[in-house]
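J.: Chain residues, written in single-letter form:
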Amino acid sequence: MAGPAKIDPMHQFQITSLGGGELQASPFMFTNSALWMLIVLAVIVAFMWGGTKRQLVPGRWQTAVEMLTGFLENVTRQSIGPEGRKYLPWVFTAFVFILAANWIGAMPFGIVPGAHPFTVTSQFTVTGTMSIISFAIVLGVGFWKHGLHFFSLFVPKGTPFILTLLIAPIEFVSFMVRPFSLGLRPFIAMFAGHILLEVFGNFVVQGLNAGGPMGYGISLLAFLFVAFVSALELLVGAIQAFVFALLTALYINDAVNLH
Amino acid sequence: MELASAQVIGAGIAAIGVGAAAAGVGFVFGSFLQGALRNPAAAGSQTGTLYIGFAAAELLGLMAFAVAMIILYAR
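Those protein sequence lines, which keep their order, are chains V and C. Start counting the first sequence at 1164; every next residue gets the next number (our numbering). Start counting the second sequence at 299; every next residue gets the next number (our numbering).
None of these hints come from the bench; they were simulated from the model. A few of these clues could be false.
FRET-style restraints, in silico, Cβ to Cβ [as the list claims (entries may be wrong)]: (1) F325(C) to L1181(V): 21 to 29 Å; (2) F327(C) to Q1225(V): 30 to 38 Å; (3) L1371(V) to A320(C): 25 to 33 Å; (4) G1310(V) to I368(C): 38 to 46 Å; (5) A321(C) to G1380(V): 24 to 32 Å; (6) M299(C) to I1296(V): 39 to 47 Å; (7) F327(C) to E1229(V): 28 to 36 Å; (8) A1394(V) to G342(C): 19 to 27 Å.
From the derived model, a few chain C residues whose C-beta atoms are all more than 10 Å from chain V [said to hold, decoys possible]: (9) A304; (10) G308; (11) G317; (12) A318; (13) A321; (14) G324; (15) V326; (16) S329; (17) F330; (18) L331; (19) G333; (20) R336; (21) N337; (22) A341; (23) M367.
Backbone N, C-alpha and C fix where the C-beta goes; we use that ideal spot for every residue, glycine too.
Let's have the full structure, built from the sequences with the hints guiding it.
T.: Okay, here's the thing in structure tokens:
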């Protein structure tokens, strides 16, 4: 049923230029996506800078930063082994960036008129680039450490020769699909969650406009649902960041410890 | 058939995938709980695997939802 008020949930994902008219033709536009990426970066830098003052007795802030770094070191050590520390910087960067972008995008900045919060990770260009970086690290480390022997990744140990002909192509395809599924996951989670919020937020307004006990009831139900989904969005944002970091560590483990 | 009604029907069919993903997520957590209650000592080390399974099942449901919304609103 198309109501009089058009719902357009795709509008929030539009990238617009903030630079002004003469920059329209340039490929180096300063967009709202770039602005919110810089905001995410500023938040991360402020958080890490405030917590790394090397106090002898850590305060609350430093404890928070230490818990974060300790948690990710644990992830890399458990999946890659003692060599995992070398790959901690990228795993940490990916986790913290995706987490901060997801959470900042879910914050209700929209109550300030004119402020449009923009979830950076709701663009496949961003998450896809990050997954390609992960994939490039896997390929680089694999070929650097093992040379052409890296191709034995596609042949599990102890496979009969006849089965190798069948298994190697399957393993190859599943290996090549990894960057897509890795980048698609955080993107689609944020995309779907924000559409859901937008659609049910519209139901609140339409219910209020319709009036009557039915309209107000639907409005209240939709509002409760929006509140619930917002909480779920925070959880999903954290889980997606964790899954990205964990899968990156597992893929690097494949390349470091070849079988 | 008009485009608008075809869109609504298509979105409804696409939304079936969300329910299927709900079954998948329930199966993931249910199986984990079954295993965890049999051997609670090993459960803590497997939460990472649990969340990978959760994310894999959840992704497909979210994709179905996104497809439904794209059918409905994108033109």
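J.: So which of the earlier hints does this model not fit?
T.: 1, 23
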